[in-house]
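Chains A, B and C supply the protein sequences, listed in that same order.
Here the first sequence stands for residues 6 to 247, numbered as in our numbering.
Here the second sequence stands for residues 0 to 292, numbered as in our numbering.
Here the third sequence stands for residues -11 to 322, numbered as in our numbering.
Mixed in with the good hints there might be a few duds.
25 angstroms max Cα-Cα, derived DSS-like pairs, lysine-lysine [as the list claims (entries may be wrong)]:
#1 C/K297 <-> A/K137
#2 A/K235 <-> A/K30
#3 B/K285 <-> A/K81
In short, the hints are calculated from the structure, not lab data.
Because the structure is a prediction, the values reported are computed rather than measured.
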Amino acid sequence: MTAPGTPLLVTRGLCKSFGGVRALKDVDLEVRSGEVLGIIGPNGSGKTSLVNVMSGHLRPDRGRVEFLGRDTTTFKPHDLAAIGLSRTYQAVRLFNGLSVAECLNTAALMGIRGDVPHPDRREILEWLELDKATGRLAGGLTLFEQRRLELAMRLLLAPRLLLLDEPVGGLSSQEVSRMIVVLQQLSERCGVLIIEHTMHVIRALAQRTVVLIAGEKVADGEPEAILRDKRVVEEYLGGAHA
Amino acid sequence: MSEPNLLVLLSMLTTGILLGLIFALVASGVSIMYGCIWLPNASNGQFFVLAALLAWSLTSQLGWRVSAALIAILAVSGIFAIILEYVLIRRLYDSPNRNIDYFVVTLGLTQIISGIFGFTYSHYSDQYIIPPLVEGVTFIGPMPTTNNRLLVIAVAATAILALFAGFRFHRIGRAIRAVFQNREAAALRGVDVKGVYRIAFILGTVITALGGLLYGMAYSFDLGLAWTMSVTAFAIMIVGGPGSILGALVVGLVFGFTQAVVSVFSSPTMATFAYLIAMLAILLVKPSGVFSR
Amino acid sequence: MKGRPFLAAAVLLSTATVLLPFALQSNRFIAFIVGMVMIHLVWSCGMNLLYGFVGLMPLMYAGIAGIAAYAMIYLTRVEGLSFWLAMPIASLGAAGVGVLLGLPSLRLRGFYFTLCSLVIQTGMTLAFTYFPRYTNGDTGIGQIAPPSIGGTPLAGATLDAMLALFAVAAVWSVAFLIRTPTGRRFIAVREDEVLAEAVGIDVVRTKVIAFFLMSLYAGVGGCLYAVYVGFVSPRAFDILVSLSIWLLVAFGGRGSIIGAIIGTVILAPLPYLLHDLSGLKDVLTGALIVAVILWFPGGIVEGVKSIRKRVLAKAATVPPAHAEAVHRKVEGRA
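Kindly produce the complete structure, drawing on both the sequences and the hints.
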């Protein structure tokens, strides 16, 4: 893995509007190797738009995205997957009609670039406790199993950075705790960016957190410092909190 | 301007208005169904021709008076719509991909009706026409035009205006618009969405039937008109924007004039080609249509 | 998924299919119907590729078949090429056109794509009818010469056997294709396009490849149709033909090779058996289309599967999980 602290993904001045609504206003941020970056913000703050731009689903009106030093602003999702950037979605997305093994086979179709070690499928499945489930239909798994399958599929792409959009959504509190452990272990394999709106998950996982409010980056730093930032407290945490 | 040229011009003008209004009417019917229910009705052309054919049967074969036949067919079209909605249409209200399901189902319906035409009407004649409702001829400048055609223009224009007004001011019309714009919001406001679907379907069908009757009164037609009309109506709806009566009117008139002009210089098929290209262009550039917000 | 016995049965069936025409030599009527079924098998394989495995409904299918047919006729009659050269050239040309026509519609989803394809098909039919230079318009082109081998034109059972060879080749090629990485990408795109993109599949490229392959089958079928029936006109390649080919796959079971075969074998003969009552054929086709959408969208194959599940569930007095395992054992394959 690259030296800790080197930027993996950098956004500069991202702006995006839909109709009259400005979803992203001049967002600058960095995801660095060796740390988990958390992004939090209330509903409608632009978190998903941000990830959509970073992952190639959306073109920004202005600004740039750089991944591993390359300008990837116009890259499509499959181009990004090929160079090591992939993402998961807020609502679980799997090939529901296919078996677990077939889902993994599909992810494995992509050619892995030369400079990266080949993912060890068996090891990944054992770690994520899916090795006994390979024959089952993806649509028939429990939600927790499905979330893990999503991760397994991404790992077969030998990613350098994973963007996870609310990876614990819908899980029971026991499952959330187990998932946090999984995600901590995940961060040892590749860079991780997590979008969340539950503070305790972010606190457990992220070394650094960015707060997005109404499309603007309002704070960027360690979770404890964030929690004390005046504007964050007023506009985000005031009233609702985790 | 020399008299022959003036005649041609006036003729093109009347044809353009006549066709344009009828196109606009049928396109409105299709548009209401698609905008409100997400029902792209591929069989609209068949309904169109069926109405005209039934009117022909009543008048030319059974000797009914034209006015009676017209009213009867309109009533029948309403009943037909009610039955069809009950038997077929409502089964797909909750389907996730209902627009493509409806499209294919109505393609099937098109084939059924066209098959029925195959072993009934195709044996009678090649060309059909509904006898005129009023007799007499009026002169517009040097050009004679039948009073019947003028009547058709008047009825078509009134119908479209009524639709327009209905959607603006009438309670039901507003409900249809509300459902079209935002299903969930309308449901939350207490609108009976499925009831609105029902009304939209019946309304759309009756309007299409009216269009068929008007066309059959103004021009002779053959069975091939069904498919051409379906394509034209869809083209108008897509180009004008689904759910927009104004769009249907404006684009309908444009297409009507196009056909009138093109028919003078070459075959009407060229006009159909033009519609197809326009539809394709809009689908690829701005699928929500010219008049959409 | 394919066990040894299944493979053996498939080989046996394929051989029997090719030999069938020789057994039917005496009954020309039945032989003709079997011949048409063979042609439709080639067609339904192509349609299944796009509708069953990629998930798009291409209503311009018959138009593409028509382009290949007319091109082949031109190449054999005017340029004097032999069928064996003209057919591949014409089919490849038609495939190229298929890709061009499919290209812009790739960004359209669901209904809009289907509508676009319908518009394109209508345009093609109009072009066939009103630009008679290559097509002779509505009058059509007749007396199309059958292909020859070594100077002798194929006829009767040998011609039918050739069709059967093509049909068998079409089915095997699709079965093979689905197991290649390309085929897997098709299925991924059908299941979830966005996810496919996220795991590194170039969805646009995959669709283009699918269009190309589908058009090849359409084109080959079109050429075979032309030389077998001996006569083509725009009506042989219009929207109704596209719809009926779609129905073969939808009725039998989309995304299932066996389903497409079943659908074709059952439905393709109907128009020829009902030949005198052409209106009835349309009504029946239309009714089947409605029935498939409303009541069994997965076709016969899905229907059989669900009946099996229910029978097994009823027969089982054991807990559901065990019944599931028993059921899967019985089924032997997914």
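Hints, one by one, checked against the model:
1. C/K297 <-> A/K137: Cα-Cα ~24 angstroms, so holds.
2. A/K235 <-> A/K30: It holds: about 20 angstroms lies between the C-alpha atoms, which stays within 25 angstroms.
3. B/K285 <-> A/K81: holds, 22 angstroms
When the structure is compared with the earlier hints, no violation turns up for any of them.
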